[in-house]
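*Asks:* Take a look at the letters that make up each chain.
4 protein chains.
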Amino acid sequence: MDEQLKEIIRKITKFRDERDWVQFHDPKNLAEAISVEAGELLENFLWLNIEQASKLDDKKIGKIKEEVADIFIFILYLCDVLKIDLLAEAEKKIAINAEKYSVAKAKGTAKKYTEL
Amino acid sequence: MDEQLKEIIRKITKFRDERDWVQFHDPKNLAEAISVEAGELLENFLWLNIEQASKLDDKKIGKIKEEVADIFIFILYLCDVLKIDLLAEAEKKIAINAEKYSVAKAKGTAKKYTEL
Amino acid sequence: MDEQLKEIIRKITKFRDERDWVQFHDPKNLAEAISVEAGELLENFLWLNIEQASKLDDKKIGKIKEEVADIFIFILYLCDVLKIDLLAEAEKKIAINAEKYSVAKAKGTAKKYTEL
Amino acid sequence: MDEQLKEIIRKITKFRDERDWVQFHDPKNLAEAISVEAGELLENFLWLNIEQASKLDDKKIGKIKEEVADIFIFILYLCDVLKIDLLAEAEKKIAINAEKYSVAKAKGTAKKYTEL
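If you read the protein sequences in the order shown, they are chains W, V, R and G. Under the numbering used here, the first residue of the first sequence carries the number 1, and numbering increases by one thereafter. Under the numbering used here, the first residue of the second sequence carries the number 1001, and numbering increases by one thereafter. Under the numbering used here, the first residue of the third sequence carries the number 2001, and numbering increases by one thereafter. Under the numbering used here, the first residue of the fourth sequence carries the number 3001, and numbering increases by one thereafter.
If we strip away everything but chain W, and leave its shape as in the complex, we get (with noise of 0.2 Å):
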């Protein structure tokens, strides 16, 4: 795996053993964590046109990027409890969308693929 991103994972486990944080790191609660933080990052948009969405000041997208390192610092979290190997299965994850979404059926539509 890249370095920077091993890097980040021994920072935050480290993190985590230092505080005696593991017993509350269940998968569930982990889960929990990050769908509370999903919401936090939505927060910003909300009342929002998509033209507003797309003109953010830099207050906001100082508020956006926080909540996205958390969103993400959750992830490796999970990610280190269940052994799961994340950018392979990002990877895998790509190869079942281009299954799902050929080029010629998926172009310019935002329809889910139980409707293409």
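Hints were generated in silico from the structure; no laboratory data involved. Each hint should be verified, as a subset may be incorrect.
Below are the DSSO-like pairs computed for lysine-lysine, each with C-alpha atoms no more than 30 Å apart in a straight line [to be verified]:
no. : chain 1 : residue 1 : chain 2 : residue 2
1   : R       : K2083     : G       : K3063
2   : G       : K3100     : R       : K2059
3   : R       : K2006     : G       : K3083
4   : R       : K2055     : G       : K3093
5   : R       : K2063     : W       : K100
6   : W       : K93       : W       : K112
With chain W fixed as given, assemble chains V, R and G onto it according to the hints.
*Replies:* Quick look at chains V, R and G alone, frame taken from chain W:
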């Protein structure tokens, strides 16, 4: 940035552009997608107690791997449109968390920093 | 409390008890269910812009009706186990919101009360 | 429809219109609001095990009551803009659930109907 992660980002942006999908990838819709996938991840743990959630069968682990990959891919798409360096933001957040949750105050407790 | 709502609560608690499901209805799992269903509701709007989201076809409206009902039913189950009077709490919240969002400050803006 | 619920709907639509907020109440944004509030509800249970989640102190119960009210109010707003009869849809869903989850098959198990 790391090579394997760079390659994944290259693949998913190529995937998006071959299908002419960047028109749908405004940050508001991407944040919605992350919430939708977070709910699908959480559904795997619904009605389970903590013990059951820590003894998952292979079928369930397979679904969890797919949902984790989905969330991660949408996080990468959001970072691409907002020009966010995901690993750099993760490192910043680790430092912010170290300030909020000193080992002395936070060890062994799951209390939010506002209540430490 | 209102008769029709009382009858719905009577039916769903009978449904739950006939199936011996109260064992799964701890508040944490019910809160998870509400999040999962909220994600399923949101999925109906994914990738749409605001205009498309306001011109939904019958098939989509049908799915939205089911998800709204699901969320509402789980809200009622949560209120049942925690002995929450839903309509009384809604009335309290309207009063709290009137304090946070005076017409003078809040008219025509979607800003959160912390930024008014 | 029931009188107390009708009155709540009358109050919240008056609240919305006094503040000229219907412009923000397209169904996509209302569905986002429901997800955001569902995440805030879930946060009250984060890191708790099932036992702790069933012995909540008054402060926590107070927050839960507010979040439940928030979700319910946004559900009512969504029903208002889409002309959905919430109680009628709840009754339809109870009937659909009775089909999917017969007492014979579903008693004592939390399995999804697709796996019964």
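*Asks:* With reference to the structure, classify each hint as holding or not holding.
*Replies:* Do the hints match the structure? See the list:
Between K2083/R and K3063/G the CA atoms are separated by roughly 14 Å; this keeps the pair inside 30 Å, and the hint holds. This hinted pair checks out: K3100/G and K2059/R have alpha carbons roughly 20 Å apart, not beyond 30 Å. With a CA separation close to 22 Å, the supplied pair K2006/R and K3083/G stays within the 30 Å bound. Of the supplied pair hints, the one linking K2055/R and K3093/G holds, its CA atoms being roughly 24 Å apart against a limit of 30 Å.
Proximity of K2063/R to K100/W is assessed by CA-CA distance (about 23 Å); at most 30 Å being required, the pair is judged to hold. Restraint check for K93/W and K112/W: the C-alpha separation of about 15 Å stays at or below 30 Å, so the hint holds.
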